[in-house]
Amino acid sequence: MDSTASPEPVVPIPVKIVIAGGFGVGKTTAVGAISEIPVLSTEASITEVAAAIDRTGHTPAKTQTTVALDFGRITIDEEIKLYLFGTPGQDRFGFMWRDLVEGAFGALVIVDTRRLDDCYPAVDYFEKIGLPFVVAVNLFDGQLDHKLDDVRWALAIPDRVPVVTIDARVRRSVRDALVILLRRALEDLVPEEPKAEERPRAGARHAE
Amino acid sequence: MAGPEGDVTTVEPARLPPYVLTGGRARPVDERLEIEALVVATPVGRGERARLQFEPGDIVSLCREPHAIVEVAALLGLQLGVTRVLVGDLVATGHLSVSRPAWQAGRKAEIIERVIRGLDSIT
Chain Z
683 MDSTASPEPV
693 VPIPVKIVIA
703 GGFGVGKTTA
713 VGAISEIPVL
723 STEASITEVA
733 AAIDRTGHTP
743 AKTQTTVALD
753 FGRITIDEEI
763 KLYLFGTPGQ
773 DRFGFMWRDL
783 VEGAFGALVI
793 VDTRRLDDCY
803 PAVDYFEKIG
813 LPFVVAVNLF
823 DGQLDHKLDD
833 VRWALAIPDR
843 VPVVTIDARV
853 RRSVRDALVI
863 LLRRALEDLV
873 PEEPKAEERP
883 RAGARHAE
Chain L
16 MAGPEGDVTT
26 VEPARLPPYV
36 LTGGRARPVD
46 ERLEIEALVV
56 ATPVGRGERA
66 RLQFEPGDIV
76 SLCREPHAIV
86 EVAALLGLQL
96 GVTRVLVGDL
106 VATGHLSVSR
116 PAWQAGRKAE
126 IIERVIRGLD
136 SIT
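Residue numbers (the numbering used here), protein chains in the order written: chain Z, 683 to 890; chain L, 16 to 138.
Among these hints, one or two may not hold up.
Which residues of chain L face chain Z? A few of them, derived with a C-beta cut under 7 Å, are [as the list claims (entries may be wrong)]:
hint	residue
1	G62
2	A65
3	G96
4	V106
Covered stretches of chain L (chain Z as the covering partner; in silico rule of three or more C-beta atoms under 8 Å from a C-beta of chain Z) [what the hints assert, rightly or not]:
hint	region
5	47-60
6	66-77
7	110-116
8	120-128
Derived by calculation from the structure, the hints in this document are not laboratory data.
For every residue, glycine included, the Cβ atom is placed at its ideal position computed from N, Cα and C.
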């Protein structure tokens, strides 16, 4: 690199999207399908307050646990780098999710219809904190076992949240799901004037 | 970009108890330093690289090119929390400068639109 012209390299702006869902649902596969680098993994430590109170003591035990955090990267242009983070699978890592989700544009929740319940902690969490998200039903073996409407109903997903299918192994499929998520996030930024072609059904936005 | 990543996807974590490296501190100087914040060595950092030892030296060397904190952790085999503390220190001492997503909050819509265009061009 020729650094004579500018002594300080231009540092891009980092942005991120979270890929959530149950264990083994294809989160890391999806990150790897679209990342420009091999999926990297780092150890993150989380402090858990043990749910059960020790029989002999009165204070809950605090324990250190580490989880592997997988991520990938896409260079959008010379100024923007997009990071994709897979959440560690289990809902008990809520402490870590807060760090992960803070500042994210949104989340893609990947769903395996054979284990619908596994994604519920993620859906519930993003609903609660108001993060834009899209539910992506992963097509294992190219098969869709349930109708998308059934998935929406089973998980009590509001109308404003898109439910789509995805093949986590296929770059274009992951890309399309991310674009749908970002359009959703854009709508949240300018709720008073949604783009005409993406106008939601009347009443959907103000249902609450 | 031919970065230092190569084909390495995982690195064995450091063998010392992780927070020995930070003198026992588990939180960074700046509590809210995001794990995707991008850091790069400043001219001061590059100039003083030889005087930095161990992990801080490795971090400044790696950050001749911008890297996210989470990338620094993965590429150097450091725990994420430890990395965040060490990077926070190096930012405070002027060895690293940092680009944070929160500083661009006013440009969010424009940035999202650019990310959509960028993704659309992926085939």
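Consistency of the hints with the structure:
1. G62: For L:G62, the interface hint is violated, since the closest Cβ of chain Z sits about 11 Å away, which is over 7 Å.
2. A65: violated, 18 Å
3. G96: OK, holds: L:G96 within 7 Å of chain Z, min 5 Å.
4. V106: At 12 Å from the nearest chain Z Cβ, L:V106 fails the 7 Å test, so the hint is violated.
5. 47-60: Satisfied; 10 residues make the cut.
6. 66-77: The restraint on the region 66-77 of chain L is violated, since only 0 of its residues have a Cβ under 8 Å from chain Z and three are required.
7. 110-116: holds (count 5)
8. 120-128: holds (count 5)
Of the numbered hints stated above, those contradicted by the structure are hints 1, 2, 4 and 6, listed in ascending order.
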